[in-house]
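A.B. asks: Sequence:
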Amino acid sequence: MSDASGVVALDPRWGIPRPMSTPSPLLLALDFAGTFAFALNGALTAVRAERLDIFGVVTLGMFTGLGGGTIRDILLDDLPPATFLDWRYLALAATGGLIAFALSRRLDRLAMPITVLDAVGLSVFAVLSAFKALEMGFGVLQAMIVGTITAVGGGTIRDMMIGRIPTVLRSELYAIPALIGAGCAAAAEAAGQQGTVAALGAAAVCFAIRMVGVRFDLHAPRPPGRPWSDDPPN
Numbered sequence: 001m002s003d004a005s006g007v008v009a010l011d012p013r014w015g016i017p018r019p020m021s022t023p024s025p026l027l028l029a030l031d032f033a034g035t036f037a038f039a040l041n042g043a044l045t046a047v048r049a050e051r052l053d054i055f056g057v058v059t060l061g062m063f064t065g066l067g068g069g070t071i072r073d074i075l076l077d078d079l080p081p082a083t084f085l086d087w088r089y090l091a092l093a094a095t096g097g098l099i100a101f102a103l104s105r106r107l108d109r110l111a112m113p114i115t116v117l118d119a120v121g122l123s124v125f126a127v128l129s130a131f132k133a134l135e136m137g138f139g140v141l142q143a144m145i146v147g148t149i150t151a152v153g154g155g156t157i158r159d160m161m162i163g164r165i166p167t168v169l170r171s172e173l174y175a176i177p178a179l180i181g182a183g184c185a186a187a188a189e190a191a192g193q194q195g196t197v198a199a200l201g202a203a204a205v206c207f208a209i210r211m212v213g214v215r216f217d218l219h220a221p222r223p224p225g226r227p228w229s230d231d232p233p234n
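Per UniProt numbering, the very first residue in the sequence shown carries number 1; after that it's consecutive.
Bear in mind the hints are in silico, worked out from the structure with no lab data behind them.
Ideal placement from N, C-alpha and C gives every residue a C-beta, glycine not left out.
Hints may contain errors.
[Unchecked claim] Per label pair, the in silico range of CB-to-CB distance: (1) 111 x 53: 22 to 28 Å; (2) 215 x 91: 31 to 37 Å; (3) 219 x 160: 17 to 23 Å; (4) 25 x 84: 21 to 27 Å; (5) 90 x 53: 19 to 25 Å; (6) 221 x 116: 36 to 42 Å; (7) 53 x 221: 37 to 43 Å; (8) 106 x 50: 17 to 23 Å.
Please build the complete structure, drawing on both the sequences and the hints.
C.D. replies: Dropping the structure here:
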C-alpha cells in the first residue's frame, strides 16, 4: 500500500500534503497474504472457467489481486496507485497466478484453505481501505463504500474480463461481510480506537461473517418466486 511506502497524500479537505501512517508489520503481512490469495483464487477461477494460456491466467490473477487496491487509490486520488510504488504487491500477485497455472489440479484439493486465505484478504482489504479513506479525511459512508469496493473490485474485474456476471452479485455472502467490516472500522475510528487492535477486530468480524456464510451456504436475499442457480446463464 502507499501507506507502507511512506507516500505523502493530499488532504482532500485542505489540499495540503499530509503523511500517511504506516500499518503494523502484522497488518502489512496480512495485506500481502490477501493479495497473494486473491491472485491465486482469481487465477484458479480463470483456469476453471476458460481455456486460457499462461499469460491469460497470470493476467487475470494479477487483476484479481491488485484491481481492488488500484480502484481504491484512484477513488481516493492517491496516485500513482500503491501497486506501482511497492514491487512486492506485483511480485506476490504474479506468483499467485503462476502457481495457479502450474498446480491447478493439485490446488483443487485445497479449496477450503484457499477460501480461508481469500476471506483473510477480503477482511484486511476492506478494513485497511476504510481506515485509509478515513485518515485522508473522507466521511464514514464514503469509507465504507471504498472499503467494500476494494475488497470485491478485483474479482469483479476478473469476472467481467471473462464475460460472466460478477460472482459478488450472484453467489455467497461476500460484499456484505466486507461492508460490515468496513463499517466496524469506521465505528472504531469514531470511538477513537485506532491501530492494529482496532483493525484486527474489524477484520475478524468480516472474516467470521464470511466463513459462516461459506459453512452454511448463506446468501443475500433473492427475488421471491424465481428459480436460482449460482451458475451464470449461458
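A.B. asks: All the hints need checking, so say for each whether the structure fits it.
C.D. replies: Each hint, compared with the structure:
1. Restraint check, residue 111 to residue 53: a C-beta distance of roughly 24 Å satisfies the suggested window 22 to 28 Å.
2. Distance hint check: the CB atoms of residue 215 and residue 91 are about 33 Å apart, consistent with the given range 31 to 37 Å.
3. Between residue 219 and residue 160 the beta carbons are some 21 Å apart, a value that agrees with the proposed interval 17 to 23 Å.
4. Checked against the given bound of 21 to 27 Å, the beta carbons of residue 25 and residue 84, roughly 22 Å apart, stay inside it.
5. A hinted range of 19 to 25 Å for the beta carbons of residue 90 and residue 53 is consistent with their spacing of about 20 Å.
6. Between residue 221 and residue 116 the C-beta distance comes to about 26 Å, which lies outside the given range of 36 to 42 Å.
7. At about 40 Å, the beta-carbon gap between residue 53 and residue 221 stays in the expected band of 37 to 43 Å.
8. Between residue 106 and residue 50 the Cβ separation comes to about 20 Å, which falls inside the hinted range of 17 to 23 Å.
In this structure, the one hint that does not hold is number 6.
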